[in-house]
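Protein chains: 2
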Amino acid sequence: MSVKQVFDFHEGNASMKSVLGGKGAHLAEMTRAGLQVPPGFTISTAACLSYFQGNEGLSEELWQETQSALRRLEERKGQKLGNADNPLLVSVRSGSVTSMPGMMDTLLNLGLNDETVQGLARQTGNARFAYDCYRRLLQMFGEVVLGIEGFRFEKILSRVKSARGAETDQQLSADGLCELIEEYKGCIVARAGRPFPEDVHEQLRLAIQAVFSSWHNPRAKFYRQLNRIPDDQGTAVNIQSMVFGNLGSDCGTGVVFTRNPSTGEKDLYGEYLIDAQGEDVVAGSRTPQPVASLRNDMPDTYEELLRVAKRLENHYRDMQDIEFTVEKGKLYILQTRNGKRNAQAAVKIAVDLVKEGVIAKEEALQRIEASHLDQLLHRGIDESAVADVLATGLPASPGAASGRAAFDADTAARWSRDGIKVLLVRPETTPEDIHGVLVSEGVVTSRGGMTSHAAVVARGMGKPCVCGCESLDIDEERGQMTVGSRTVKEGDLLTIDGASGRVIVGEVPLREPKMTEQLSELLGWADAIRTLEVRANADNPDDARTGRQFGAQGIGLCRTEHMFFAPDRLPVVQRMIVADDDAERNKALAQLLPMQQSDFEGMFEQMNGLPVTIRLLDPPLHEFLPQEKELLKRLEELADTVEPGEAEKAEKKAIEATLRKVRSLAEVNPMLGLRGCRLGLVHPEIYDMQAEAIFRAASRCRERGISVELEIMVPLVGHVNELEILRNRIDHAARRVKEEEGGIDAAYKVGTMIEVPRAALTAGQIARHADFFSFGTNDLTQMTYGYSRDDAEGKFLTHYLDHKLLQVNPFQSLDTDGVGKLIEWGVSSGRAEKPELKTGICGEHGGDKESIFFCHRVGLNYVSCSPFRLPMARIAAAQAAIAYGRPQGDAAKSSSSVSSLPAV
Amino acid sequence: MSVKQVFDFHEGNASMKSVLGGKGAHLAEMTRAGLQVPPGFTISTAACLSYFQGNEGLSEELWQETQSALRRLEERKGQKLGNADNPLLVSVRSGSVTSMPGMMDTLLNLGLNDETVQGLARQTGNARFAYDCYRRLLQMFGEVVLGIEGFRFEKILSRVKSARGAETDQQLSADGLCELIEEYKGCIVARAGRPFPEDVHEQLRLAIQAVFSSWHNPRAKFYRQLNRIPDDQGTAVNIQSMVFGNLGSDCGTGVVFTRNPSTGEKDLYGEYLIDAQGEDVVAGSRTPQPVASLRNDMPDTYEELLRVAKRLENHYRDMQDIEFTVEKGKLYILQTRNGKRNAQAAVKIAVDLVKEGVIAKEEALQRIEASHLDQLLHRGIDESAVADVLATGLPASPGAASGRAAFDADTAARWSRDGIKVLLVRPETTPEDIHGVLVSEGVVTSRGGMTSHAAVVARGMGKPCVCGCESLDIDEERGQMTVGSRTVKEGDLLTIDGASGRVIVGEVPLREPKMTEQLSELLGWADAIRTLEVRANADNPDDARTGRQFGAQGIGLCRTEHMFFAPDRLPVVQRMIVADDDAERNKALAQLLPMQQSDFEGMFEQMNGLPVTIRLLDPPLHEFLPQEKELLKRLEELADTVEPGEAEKAEKKAIEATLRKVRSLAEVNPMLGLRGCRLGLVHPEIYDMQAEAIFRAASRCRERGISVELEIMVPLVGHVNELEILRNRIDHAARRVKEEEGGIDAAYKVGTMIEVPRAALTAGQIARHADFFSFGTNDLTQMTYGYSRDDAEGKFLTHYLDHKLLQVNPFQSLDTDGVGKLIEWGVSSGRAEKPELKTGICGEHGGDKESIFFCHRVGLNYVSCSPFRLPMARIAAAQAAIAYGRPQGDAAKSSSSVSSLPAV
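Protein chains in written order, with full-length UniProt numbering: chain A, 1 to 904; chain B, 1 to 904.
Read the hints as simulated data drawn from the structure, not as lab findings. Some clues are possibly wrong.
If chains are identical, the list can't say which one is meant, so a pair holds when it fits in one copy or spans any two.
What the hints assert, rightly or not - As a list, the in silico DSS-like pairs of lysine-lysine whose alpha-carbon atoms are at most 27 Å apart:
no. : residue 1 : residue 2
1   : LYS310    : LYS649
2   : LYS849    : LYS804
3   : LYS738    : LYS587
4   : LYS834    : LYS804
5   : LYS749    : LYS804
6   : LYS310    : LYS355
7   : LYS661    : LYS633
8   : LYS652    : LYS629
If we strip away everything but chain A, and leave its shape as in the complex, we get:
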């Protein structure tokens, strides 16, 4: 018995998303709910996958099922596909399981041919409308099914319009459209080598195949990769009877959100166009009206739309994104889905729904897309600054950004690769521009509304966007745009404010983002639920303060080397490294000590009462010295000096000494060389100085009544003896300072980064000398995979990701199969040895949702990430607690339950 592959709308429901795709499931659900949905049927995703496996188009079986469904549809509508008197017209649309807006293909008005177009004209009494539908079908069919470039049709359209003196498409007469139809048909024969099929069933068959195939078009693939959507889901196909928003001024089409997707305000939000088809709204080729105007244009329809919106929102318990069409005054709902929203709206809507009693706090938290939360923390224009406003458009995606104007996606991509910050400026964007949007700081368009492609994509990516800024006259060819008398050339600096819609000439100071009230509330709920602590990575007192503001419960990683790179310190650091003898080296170290001490005092002041984890020096010493090339260049210059004075001679000597040191420190694989604790063991004087500076700072602060929760972290430990020796030295420094400082309480912890695979494998041994472990997942990933990040990303990682050899970049999201196994082993064997061992991660994964889920599951105590990612981390930690309950780590604390590596 074969599996059912085609479902009438009333046969499905919302739970059948994996079979019917998102759109199909919602159409079914709405149909069952009795909403006015144009009838139709859905071909399942399974049928799509079978299609990919076969070689010869649609299977006979599927085609028969489709024909049956079509006959039922014809009966329901009282129309017949291809019937000259009463033709049924249908749309054929993709509908994937996970929403991929605009990424796949759609056909409208299918069922028209030379004969049925006449029937449609007769039925509607509107020949112009019928021809308009037909020419649209021809173009869509040509593009989607036959693969003809869109611009070929656009060129013909422009030519016919200008020959007939028509400025807009609307001004083209029925005759003009007939001419266009003939031209289009000619174009199809010429370009595709076959005529447009008059056989309407052949149209349908080819359209279904084309929609299936569009699953594999490049932009859809790119979108899936970007959004981590599996390639093997396939798409459903929805075949739905057409309703027409372009039959006259009592017709129209639009998109509404039940709440504002930018702000979250509880207010019908959206746009519509009178006398238009849906594609006109989505494509952004005409600028639509805000939905509020509909109250005046069509008061009854507006009221009905309000009622439907409310009903759908209640039904789905979430904000809805609804497509509607009004045909001759009658409202049809074409689609509904949970509306995309930016972070601010997501937060407000979630919080409001809780307050309205619609959902629980846990559900509100689960609805927040953690990866979008940092949008809220986007910067805005500093209002006190003078802004030279060039133009104002629609505030399509919040946040402000500056960059150099690029007028096409390829230029944007190229510049971005060269490290230039770019703003993408386009008349409108299409899915083909997506790589340009991705690399740009923000997007500006001169056409299209709040739901245009540019707006939707930019909001999804959390990038600022200004849309429909119609006063911009963009000349792509000349690479410039004019606004009245002013000209902006490609490469000129612009600033945009996606919150106000302003486009500003030059670079404007930006203000730092602030918490919204709703976010604070939501974060409060998250804090009450999560079990994972969050800490900030902060290398200076300012970052520490920011971290604290964003909810850090401590500093998880303070990289002392960042203090070494400060311009006033670097020369001293270099003197220390190049020093010929101990005396000289100690002199430089003595100079560094008070500098480091004051850094640490600043950190302790900010974090009063909260733990501060200070990592001792980590990078190889050569990172602090100039490049060999630079030194050689300067030596050449000095050699060219005709009569060198004493100063030149001294400089030459100094450079030569540095050069010798640079060469002696050079390494084949610096990543795996003399750095981290290895440095601390071979050159103990450096860590001794750092330990002393830390303890003196702690002592000073404690004297002043500041509560210092000090944690000293030794990097790159791979063998227990490394930590044991260094811990002894640190303890020694602590005792010495305590004595000298008159016995002020000197409590501290000593722990280590677990970032070398061997450290994780021997964590039980290492735990004996560690009060805490912090998994350094950046280096741990590098060594576990054997990938040098510096080399991999350019040389093969991109290839691996492009070819789906790796599903995700392991430097972005933690590899739970490999690196994760080491972390689990490290945590469980460390705790078996020392139940009170504190564990956390620091590194980029600390701000990644999936990675935070993993950290929760293995029972880490905390994650540490950059200050701006903290709200995201707090939400993700709460989501993890909701999804998984209390971590297994609690169990792992008892040694009997620890799973084990094999014993020899």
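With chain A's structure known, arrange chain B on it following the hints.
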């Protein structure tokens, strides 16, 4: 109750080695066995360790126990320490648990002072003898206890001798010795700031302390490090009544082995000196007589010595190294221990003892020090070559070697660092020369016998040595030596043959080593016992043949890149890499294909019937290109050409292209970059070519009736998808070749190196696509530790080993705690997925005994190592089977028993 710290000889036995040290335990055992051993007592190793913990010399408790033991000794001997009429004289010697010959200090004749020396003179009726004993004590005490340099005493001795016209020490009269005694005392006061202690108990106390302390002298530390002896064992101290071999011509002293330590012949072997003390034999300052002469000199003593030797060998069931002294015709046994022997002797003795029914085959195998076995495989002089023999000495350690003459250890060490092969040429060697011996190809001395320091050390290290080559007149100061009229200068090339004792001018062709009959027999026993297979690493047919001769059961690693480096191939490889387009690249690959194919055919021919594992290209491509510096230099030269012709222009263009490629291929951490299977995925055409060459070669060979057991190995896999994709390509190539070759059987296996930590962690996934795993322990160690071998050894690994932070170099002996855990996990999870999975290791650890033991324990199927290490590997594998029985791997094959990493 305090622990007993001092043991009379008759209180101990051989099993108390850890308490009494090796020497003490054997003295006790011999005493119990009723042999004529001068009585004495032993201070335990525990006392030594307590001494190191205290701050103030010997504890009162230990001193009291020592005094009691001394009183018992005095009673037994009827003498008294310090008694002027009947003085007891004692030796004070170190005695560590593990033998460390010559590494620590010894004092003889202790108990002499200005008063007792007269008593000794009276008692023996030999004033000259008494004074000679006294001056020896003064010198030893000065050096060992008071730290005065030996040469200060030697200088005084020379001065007194020449003033009195004495050529040898023996020619010095009693008067002369008295003068010497006074001079020595003066030297002691002047250099040590204190007089020689007349108080004999003070002598004893200081001597015990000095022997304890000598545990920490630099040469002892170095020896322990070299031989992996723990630092915390400490040494026992043996205090034994003196007997004198230097009381006249009916006295003597010597060392015998119960069998020949170089050849293993069952014949008393050794040396003695008439009228001498033991140190004269060991130090090599007089050239002793072979023990056979004793039959004439002292027939009764010789017969007794034969009887004692036989008794001791039977008692200990092993060849013994016996020190004896004859005092006034009476034989005393001072020491016995299992004799050090070279590999050839070890093998012969072990085999002979089995045949004599003394030990079982298993015990014979366990007695072989696997790490010395490769001595047997040392090369010898090609007898057909003309050798310009300069001189002939004693054949002290077998094997032949060529190198440049260095006349001191420091020079040898310096040259060796510069990559120069060195022969160390010394009048005699002392423990201070050990670093020079270590780096030399071989050692020559002009003084000393077969048991001299140089001979013992060289045999231990498996280096050729010629000793006592008295015709060599070595002038260290002028850096040359003369033999008659011929002069050899420092840096001149010499060849030595340790088997014949010849020293030859210039470099002489050497012949390859052969198996001895006994070794073949022993290896046969080993093969019958071991469960681990052994394979050879071989990159060409010659190595494959050698491997097969040494018992390889297959090739475990054939590195195809070594074929790429051949001079006729490198230019083609470079063209392939630099190629601008596919056509050019494919042209170069097409040229390489037949070359590789013929390489593989050669391998298959040699290994007919045995498996051959071929690893696809591994190193990064830049390794095949010239260095950037070289290219720039050549470009500069070309730029200086005044009128460049077409050739120069073409070369410039080619170099510029290469330079671009070199730069684009440059990596920050090449170890973790684009190499191994990453290369095979990014540039699939290279592996495609290799796979085709392999299959064509296999097909050709099979056509000729050769049995090809083909295993293709993919390097550097870290993710299952890498292997899956490449395996598909290999399968594809196999099918294609099979079709083209007319369907000749194309059986093959595909497996992978497990050398990236992630591969071991995800071995269960990877096993799905692998027929075998070969653990690449070199890279696995690098990545698990995070050590770049290129950088670590120079920059911090030496520091780690020197400071005992690491006990052993993990690149020499497998780190079982960390890397080993990954291997265990890899094996067990791989087999859980695929029970028939074959596992092995290739890499330097494959020839290391401890590592082979580990491989056996975790149940690997085979180890693969360089051909010359195969006999060692076979023995070690048998030892492992004897020590551990059948591997747990058999159990690991059933998935239920697999221990597991923690599951999330």
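Verification of the supplied hints:
1. LYS310 <-> LYS649: Neither: 83 Å inside a chain and 78 Å across chains, both beyond 27 Å.
2. LYS849 <-> LYS804: Within one copy only: 21 Å inside, 43 Å across.
3. LYS738 <-> LYS587: within (23 Å within a copy, 73 Å between copies)
4. LYS834 <-> LYS804: between (41 Å within a copy, 26 Å between copies)
5. LYS749 <-> LYS804: between (44 Å within a copy, 26 Å between copies)
6. LYS310 <-> LYS355: Classified as within: same-chain Cα gap 17 Å, cross-chain 100 Å, threshold 27 Å.
7. LYS661 <-> LYS633: Cα proximity of LYS661 and LYS633: in one copy and across copies (16 Å, 24 Å).
8. LYS652 <-> LYS629: both (15 Å within a copy, 23 Å between copies)
In the structure shown, a violation is registered for the earlier hint numbered 1 alone.
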